[in-house]
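Taking the hints into account, I'd like the entire structure generated from these sequences.
Number of protein chains: 2
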Amino acid sequence: MDSDVAEYLRQLRMKVTPKRLAIIDILKKESGYLSPEEIWRRMKKRFARIGLPTVYRNLEELANGKVIYRITHPNRQLYYFYCGNSVHHHHFVCVACRAVNDIEYCAIGDLQEEVRRKLSGRVVSHLLQVNGLCRNCLKKNYKGTWR
Amino acid sequence: MDSDVAEYLRQLRMKVTPKRLAIIDILKKESGYLSPEEIWRRMKKRFARIGLPTVYRNLEELANGKVIYRITHPNRQLYYFYCGNSVHHHHFVCVACRAVNDIEYCAIGDLQEEVRRKLSGRVVSHLLQVNGLCRNCLKKNYKGTWR
DNA sequence: GCTCAAATAAAAATCGTTTCTATTTAATCA
DNA sequence: TGATTAAATAGAAACGATTTTTATTTGAGC
Ligand SMILES: [Mn+2]
Ligand SMILES: [Mn+2]
Ligand SMILES: [Zn+2]
Ligand SMILES: [Zn+2]
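Sequence lines, in order, name chains Y and V.
In terms of this note's numbering, the first sequence opens at residue 1 and continues consecutively.
In terms of this note's numbering, the second sequence opens at residue 1001 and continues consecutively.
None of these hints come from the bench; they were simulated from the model.
Don't take each hint at face value.
[What the hints assert, rightly or not] Cross-link-like lysine to aspartate or glutamate pairs, in silico, DMTMM-like; alpha carbons within 20 Å at most: (1) 139(Y) to 1113(V); (2) 1118(V) to 102(Y); (3) 139(Y) to 1114(V); (4) 1139(V) to 114(Y); (5) 45(Y) to 25(Y); (6) 1118(V) to 104(Y); (7) 1139(V) to 113(Y); (8) 118(Y) to 1102(V); (9) 118(Y) to 1104(V).
[Said to hold, decoys possible] Here chain Y is said to cover these stretches of chain V; the calculated rule only asks that three of the stretch's residues, wherever they fall, bring their Cβ under 8 Å from a Cβ of chain Y: (10) 1089 to 1100; (11) 1109 to 1117; (12) 1125 to 1136.
Every value quoted in this text rests on a predicted model; they were computed, and no experiment measured them.
We treat Cβ as the ideally placed atom computed from N, Cα and C, and that holds for glycine.
Dropping the structure here:
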């Protein structure tokens, strides 16, 4: 359970430090995305000394290693969430409660096809994020602006 | 040609100022996206006095009015481009030369369907951007990192 | 032309993020 | 185990893209 993560970190040639594990644990327990500062606040409950730059650095490294992911937020600040799903997929983000859920559908095949046929170009990466209101926030009739 | 823009600005209740028109004109003439500072540099060739905050403010307001659009860049800074296509579509962005081309294909119907069926949620917006190398940069064998 | 809200210039501030440097720690191996 | 060493960290400082502020100018309506 936690040893998967440790093993995965070793594969990435990253040291298995208590703070790294804690950051992953915090994100695992959260259903939605968090900002570096929010993660830092939670870290301060677990560690007497923990610097904000450490949180930033680890978040970036973990995202590089695909242990965690970023969402694209209209305020253009950084937000991260944990996702253990290793097959290609995208995300449905609740703009009210910040919950992140997997979306299986991806039309990259058709997109590549159109780029090749009409533009003679080559697709290198793509970004698909679906935003909206999750089941719960829909029930609560949340007036949806981004959080 | 330029009066379309003026008319459209009036519809948006925005004053038709020379600087606003110049910003749109600069973006229209560009095949790719530009940063606020790059637009400012071009503006300084046309106006003796032009402040960077004016450029920022106008870019945001024009984007709100859908006269221009943003791209999502990995460095999380602001970039804008002009697009006159008024039907729903997405963009293919060349990471080498910054060219932006329209993509017609959009699977929003299927995505909404999946969100409703599997998550009982409601889609409010979606973000689809395809990145890669355009025809020309492919020819030049450009080693593609983002610009 | 006159009026007034909107737009602007210029300077300053903001603040999320990154960099720097000395210190600590995890991993390796004797 | 203890020594070694590169990676990780704390804390302070810097950074810089973007935003705010205030006085001045300008476009639109009459
Ligand atoms: Mn996922
Ligand atoms: Mn377009
Ligand atoms: Zn995909
Ligand atoms: Zn779409």
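A quick look at each hint next to the structure:
1. Distance restraint check for residue 139(Y) and residue 1113(V): the Cα-Cα separation of roughly 18 Å lies within the 20 Å cut-off, and the hinted pair is therefore satisfied.
2. For a cut-off of 20 Å, the pair hint linking residue 1118(V) to residue 102(Y) stands: about 10 Å separates their Cα positions.
3. With a C-alpha separation of about 18 Å, the suggested pair residue 139(Y) and residue 1114(V) falls inside the 20 Å cut-off, and the hint holds.
4. As the CA atoms of residue 1139(V) and residue 114(Y) are separated by approximately 18 Å, the hinted pair is consistent with the 20 Å bound.
5. A threshold of 20 Å between alpha carbons decides the hint, and for residue 45(Y) with residue 25(Y) the separation of about 13 Å falls inside it, so the pair holds.
6. The suggested pairing of residue 1118(V) with residue 104(Y) holds, with an alpha-carbon distance near 10 Å, which does not exceed 20 Å.
7. About 18 Å separates the Cα atoms of residue 1139(V) and residue 113(Y), which keeps this hinted pair within 20 Å; it holds.
8. Only pairs whose Cα atoms come within 20 Å are accepted, and residue 118(Y) paired with residue 1102(V) is accepted, the gap being roughly 10 Å.
9. At most 20 Å may separate the alpha-carbon atoms for a hinted pair to count; residue 118(Y) and residue 1104(V) meet this at roughly 10 Å.
10. With 3 residues bearing a CB less than 8 Å from a CB of chain Y, the segment 1089 to 1100 of chain V meets the requirement of three and the coverage assertion stands.
11. Under a criterion of three residues with beta carbons nearer than 8 Å to beta carbons of chain Y, the stated coverage of the segment 1109 to 1117 of chain V is upheld, 4 such residues being counted.
12. Proximity of the segment 1125 to 1136 of chain V to chain Y, defined as three or more residues with a beta carbon under 8 Å from a beta carbon of that chain, is established by the 11 residues found.
Comparing the model with each numbered hint stated earlier shows that all of them hold.
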